[in-house]
Amino acid sequence: MANITFTLNGTSQTVDVVPEMPLLWVLRDVIGLTGTKFGCGMALCGACTVHLDGQPVRSCSTPVKSVAGKRVVTIEGLSANGTHPVQRAWMEVDVPQCGYCQSGQVMSAAALLARKPKPTDADIDEAMRGNLCRCGTYQSVRAAVQRAAELSGGRS
Amino acid sequence: MSTRRAFLKTSAAATGGLLIGVYFPDLAGEATLDAQFGPPGGGAITPHAFIRIGTDDVVTLTIHKPDNGQGTETSIAQILAEELDCDWSRIRTEFAPINAALYGGALQGTFGSLAIRTTYDPMRRTGAAARDLLMQAAAARWGIDKAQCRTENGAVINTVTNARLSYGSLAEAAAKLPVPANVTLKDPAQFKLIGKPLQRVDTPAKVTGKATFGIDVRLPGMLYAVVARSAVFGGRVARFDGTKAKAVPGVTHVVEIPQGIAVVASNTWAAMEGRRALQVEWDEGPNATLTAVGIRETLLGLASKAGGGVAEQHGDFDKALAAAGQPIEATYEAPYLAHARLEPHACVARIVDGMCEIWTGTQIPGQAHSTAVQASGLRAEQVKVHTTYMGGSYGSRGGGAFVAEAVEVAKAVNAPVKLTYSRDDELQHDLYRPASAVRFVAALDSDGWPTAWFARIACPTWMALRNGVARESVEGIADYDIPNVKVEYHDPKLPIPTGYWRSVGLSQNTFFAESFVDELAARGRKDPVELRRRLYAKSPRLLGVLNLAAEKARWGTPLPQGRFRGIAAVAGFGSFNAQVAEVSIEQGKVRVHRVVCAVDCGRVINPTGVIQQAQGAMVYGLSAALRGNITIDRGRVAESNFHQYEPLRMHEMPVVDVHIVPNTAAPGGMGELTTPPIGAAVGNAIYAATGKRIRRLPFSLEKLG
Chain A
1 MANITFTLNG
11 TSQTVDVVPE
21 MPLLWVLRDV
31 IGLTGTKFGC
41 GMALCGACTV
51 HLDGQPVRSC
61 STPVKSVAGK
71 RVVTIEGLSA
81 NGTHPVQRAW
91 MEVDVPQCGY
101 CQSGQVMSAA
111 ALLARKPKPT
121 DADIDEAMRG
131 NLCRCGTYQS
141 VRAAVQRAAE
151 LSGGRS
Chain B
157 MSTRRAFLKT
167 SAAATGGLLI
177 GVYFPDLAGE
187 ATLDAQFGPP
197 GGGAITPHAF
207 IRIGTDDVVT
217 LTIHKPDNGQ
227 GTETSIAQIL
237 AEELDCDWSR
247 IRTEFAPINA
257 ALYGGALQGT
267 FGSLAIRTTY
277 DPMRRTGAAA
287 RDLLMQAAAA
297 RWGIDKAQCR
307 TENGAVINTV
317 TNARLSYGSL
327 AEAAAKLPVP
337 ANVTLKDPAQ
347 FKLIGKPLQR
357 VDTPAKVTGK
367 ATFGIDVRLP
377 GMLYAVVARS
387 AVFGGRVARF
397 DGTKAKAVPG
407 VTHVVEIPQG
417 IAVVASNTWA
427 AMEGRRALQV
437 EWDEGPNATL
447 TAVGIRETLL
457 GLASKAGGGV
467 AEQHGDFDKA
477 LAAAGQPIEA
487 TYEAPYLAHA
497 RLEPHACVAR
507 IVDGMCEIWT
517 GTQIPGQAHS
527 TAVQASGLRA
537 EQVKVHTTYM
547 GGSYGSRGGG
557 AFVAEAVEVA
567 KAVNAPVKLT
577 YSRDDELQHD
587 LYRPASAVRF
597 VAALDSDGWP
607 TAWFARIACP
617 TWMALRNGVA
627 RESVEGIADY
637 DIPNVKVEYH
647 DPKLPIPTGY
657 WRSVGLSQNT
667 FFAESFVDEL
677 AARGRKDPVE
687 LRRRLYAKSP
697 RLLGVLNLAA
707 EKARWGTPLP
717 QGRFRGIAAV
727 AGFGSFNAQV
737 AEVSIEQGKV
747 RVHRVVCAVD
757 CGRVINPTGV
767 IQQAQGAMVY
777 GLSAALRGNI
787 TIDRGRVAES
797 NFHQYEPLRM
807 HEMPVVDVHI
817 VPNTAAPGGM
827 GELTTPPIGA
837 AVGNAIYAAT
847 GKRIRRLPFS
857 LEKLG
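For the protein sequence lines, the chains are A and B, in the order given.
Heads up: the first sequence at position 40 corresponds to 40 in the working numbering, and the numbers run straight through without jumps.
All you need for the working numbering is the position in the second sequence, starting with 1, plus 156.
Hints were generated in silico from the structure; no laboratory data involved.
Please note that the accuracy of each hint is not assured.
What the hints assert, rightly or not - Taking lysine-lysine and the DSSO-like style, the derived pairs with C-alpha atoms no more than 27 Å apart in a straight line are:
1) B:Lys859 <-> B:Lys848
2) B:Lys402 <-> A:Lys65
3) B:Lys332 <-> B:Lys342
4) B:Lys708 <-> B:Lys352
5) A:Lys65 <-> B:Lys461
6) A:Lys70 <-> B:Lys366
7) B:Lys366 <-> B:Lys332
In isolation and in its complexed conformation, chain B is listed as follows (with noise of 0.2 Å):
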């Protein structure tokens, strides 16, 4: 049991009843964040969630991580609920207002994998402190002592006398109290809302059409807006004659914003005509001459170049490889990949009587205030966001551009705008994953296991680099038990956009890593699972799920006729996963018929949760090893709808089977995990096939078989 102590601040709510926040100084894993993303505002005290119980006996949970389709609004209520020892079917949940001191900045996003891992501890006790003030006001009532007192599905018992007071009933009483100092949790073994596969609190929106998403906010008098920006990364408005754009029915307006011009409508179809029929003369700018072959050849020649910084660095690499044999080379390359969120960039912005509101789905309700403000020149509490679900977001949905032009818009019309992104803008216009390149060098002993590792990345960041290196670029690129290794990385500055997607870094360099783990298996005579399990010596998790895998998946025995196996493994977002891909080539492509993944994520919060973030974040791994690719010409993207960027259908779909590691360990994360692997298992399943080592994604570029 933690012996931190938990500062809790209760009044009465404004509906009546019991509010509380609870206030953690001191959470450890926090402090590490608010040196990376900034302090919450109001400093060194973070409060984290309110809980509101009505005298009607509902229980409203504020949920402040915004919720990306991976379930957090219910696990976090689960989280909640547990420790209150509420009665579920009373609960509802409402998204938090974006509020720095309330809800704790950079915190108040879903992002990294973090929202279980930071949420667990505090929300428990949150939970156990209100269940506590509502014990003292029932003790207070019947005038026993609250030891004689305990909780049961939205009650307090008096054990003398079986009576019972409903939570609503003792709500108000409650709020008088002083709060705890300390907090007692549940004993793990009577969870009885933790751990099991609750319903998601959404799903009955989400089947009826009733949850309303960013794209479906609809205001009195609002507008409809599409910006025509400039396809080459960098250009700008030259000039432009909105003459026929505003002969198109409907459209209302003409306009130009900082990031291009707007086509205003009474409705989106309007603004879309007239965004086409709209003449702009562009002045591209410097990257008009940009070419993916171009890209290429910047990634794969500093990938070659000597020096850059230095990301890591153990043993001796240099007197290592000098002392082996013959050194084992490969060169691996990953290509710019879109996020394709299903929903595109909507927005919502209305600026009445100097206030500027806005609703959205972001992941990061605090970029999207800070973005709103910026763009609408108000005070920060002049500016109010509203958070809606999301239709995917995969790691770029903070809340940058699309709020800005929002915003924009409705002050140059002067009216409530929505303003939305077409397909060709959200495929032409995201920030990317970078394409990046990789150059090994390793080393073998006579016996065939490696002594030396080596790693130069070319990858284009958006992060500032620390001693020379981008941290998100290199992750996952070494983390094996070898003795001499040393890792390079360069910033080859290309002025592609680029930013967080899904699994970041380890979303090319566990494909990367793990391939050529399978070269060196090959080179040296180990099978690929005898190999990693001497180099994943170290890290007992990652051993676990590798075994796992490999026995559910019976690696080692025949499979029929034409299907091959390949495995990878990945330890991420304080997680660990392994995969086992089985694949056949057909008509020189590969199918993946069957995907054995196991998982270790520490304490389940929902079980249906970790199983559908595993096949779910590897569907969206999967889509980009076979097949995702945005190219760049002259300065521009190719790709401009599903033809060409074309995610994993319903026919192409494995049989996913995961399993999961039972761990009392801390929460680990789940929205990313199963990313990386998949990559790397389905090419080593083709070398299997084939014999052809595939080390440029995606695989669709090369005819297999």
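This is chain A alone, in the form it adopts within the complex (with noise of 0.2 Å):
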């Protein structure tokens, strides 16, 4: 066990655990949000989408001694109430069926739009192609990050 800090959606957050402990069960388990979702434990289906430093993560596969130090957010720390372009755009195009991979595809999508504000389809596969999503959404997926790079182009 030892005491490891970060920030977490803004704030200073200690914990005192095993250092190789995914960063996933650490928010879950320890911590108590439950936004960052499990899926496989191998960072092959991107439910458990965080951002360090502002890029995409896969929390399962994160050991928590590797963001000591670091800026952690999750689907919790996004936006204050949902406002965020891509959880906007997630409402109007009304994207989710089960929702379980949801907080993750809204993760990637948030960094994706960071990095590249107008995604070309190309780049929307390839940011997205790690998060899988068993309902089969898709096709709203992309209408809603292109409608995300819409929303988020307007505001600045």
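Got two chains here, each in a separate frame; can you build the complex from them with the hints?
Here it is as structure tokens:
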């Protein structure tokens, strides 16, 4: 066990855990933020995607010791009230079905748009191919990423 | 307008306001369902739903069909709210607690694409009855006749004075009134909510991480568990040593339960690490030598073996075959499939003071309840099920093994426990879509039209046989207008656990039959659409979607170089679907670029929901057709995670154009409709592209082009 300190959704957070414990389980079981989902444990499905210093990472395969001193943002911290352009676009397009993958989809899309405000279809394929959706919402996800790009553009 | 009488019961809600339930003793479809799934508790009278109108004008709709992700929560609310004429922005929804007497036993479940089919009529009547009571209350307060009242957006209007009373202000008075024996339903032309693409009520929670799935439930003092189970089906623990598992930081207990060895810890990861360190010696039992090759031999052998239960017979197949020229024969095969729900099974169980509570995402809360009753050893009234959202279900999130395991562990460690499946648990301990094989024989007349159709299916089943046949295993194998038909069935009795998988028997049989139809078209020199028009002649709605899909896909017109089309269709779940797939062959693999999908599901409750389901169920079938394959090696499942069982990803997603046939017929099911045809549509397009007929799924087994 060891004390590890990082910034979580803008607030300093210290946890006393096994340093190898994946960030996913620290978030879900130790801290109690369950918006970040477990799907595979091997970085194959993207359900656990969070932002680490602004980059999308799979928290199921990120040992918590590697985030010490860094900034972690989860779905709960992406915006105050679901007002991030990606979340607004997701609501407009009405993307989710079962919804289980959607935290990860939203986080991957937000990271993409931060990097590329006007993504091409190929950019969307590349950024989103790591996020599985078993309900098959991909066409809606693509439309919502494009809509979020418009909403972001309109805002800036 | 139906003449059914509604038997309603009202009472004052505990929180103030009106509480209304509705009883329909004679819903024809449900009598059939009761025969199939057992009667709801309490006998012939089945109460279905509750509306709660608060004095604060908030209308709470209790949704008795769990939402597997297909939007039943929204659609059922739309139906209720339409007839109630309430303010959509002031409604709240909540899932019903399990209560067979109140919500109808098995019918409280969401399965078989039945959620809307079995609620459309009763929920309209429930809404209309509540509206009638509110109008009566208003009329009494104003001293006018009910006929001088109308309703609008959550209020009763006095048509003489234009005075207005909100539902909330009338709720307590309405609760004291007798229930109307008959209710008048709206003219569908006046619908304001049914048929509109309203945003799903669960969307905001699902894009902000606030939606609670079974795996997200947290209780004070809760421990986290995983279970080590025999990898070989039918195996059991011979002996185990938990010393190393207990040495893992965070592990609190290592206990044997009937299903295996549970490792319990202060968090999920520690439990998984503890399980990795656990030493178990398994008695693998009699199935440890079972292989995919042996299973395939069994299936193919039975498909070629005369006899078997006769599932269907009309005309005289043998005579028609003898009269025809060369018979056309083919054998098709489909593999075992896992559901691969993205949320692995999870269940929280707490047993305190003789009460057992469980929290889980379940399609059938009643099944979860009876499982928990059995596992806890308590009486039914001592067990409570809390239904959460489900991270996908697709047929087998009933409430069996994972609920029993959670309760067993909670008993063993005397603490609240969350049991979680890992991804390999999920893939290796599922109830699988059965592998199967079919032998077809058909004959054509001298003009190339089919005169005889024979199918012998070998398909393991989890259902009891009736007259030697598992109905689910033969459905959709011979649904054609052909004069001489015979269908036989063999049960291979394999020890792999099987169960419902989105669209059940149609998931493989539509691939088989709609591929073989194309073989007959090629042999008889018919265009595949032309032949289908003849074969679907007795189903106008199936013909309708066939023609619509062909038209929208511009069937018969040239495509860009390297692109090819294939078509297939299905009738099922009270609905109709035809799909045209447009493919190319790239580096020996098929790539699906576009799917034109024509749907006739009768009256549409929410068009966005229909489009979502049409796209999503198709993708589910496409993932399976392209590379879905659960293989058995030494009695166990070889695949352990998404690198070996990989659903379709974003970059492989075709453009899907959904076209809905306007229809005012009773609503049909949409949750499974478009899963069956896509495999055959793609296979038929592969044939158009390569001249190669693929008769074995998944397509990835064969190098194309």
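Going down the list of hints, with the structure as the test:
1. B:Lys859 <-> B:Lys848: Holds, at roughly 11 Å.
2. B:Lys402 <-> A:Lys65: Between lysine 402 of chain B and lysine 65 of chain A the Cα gap is close to 23 Å, so the pair holds against 27 Å.
3. B:Lys332 <-> B:Lys342: holds (24 Å)
4. B:Lys708 <-> B:Lys352: With Cα atoms ~23 Å apart, lysine 708 of chain B and lysine 352 of chain B stay inside 27 Å; holds.
5. A:Lys65 <-> B:Lys461: violated (62 Å)
6. A:Lys70 <-> B:Lys366: holds (24 Å)
7. B:Lys366 <-> B:Lys332: Given that 27 Å is the threshold and the Cα spacing comes to 38 Å, the pair is violated.
The structure fails to meet hints 5, 7 from the earlier list, while all remaining hints are met.
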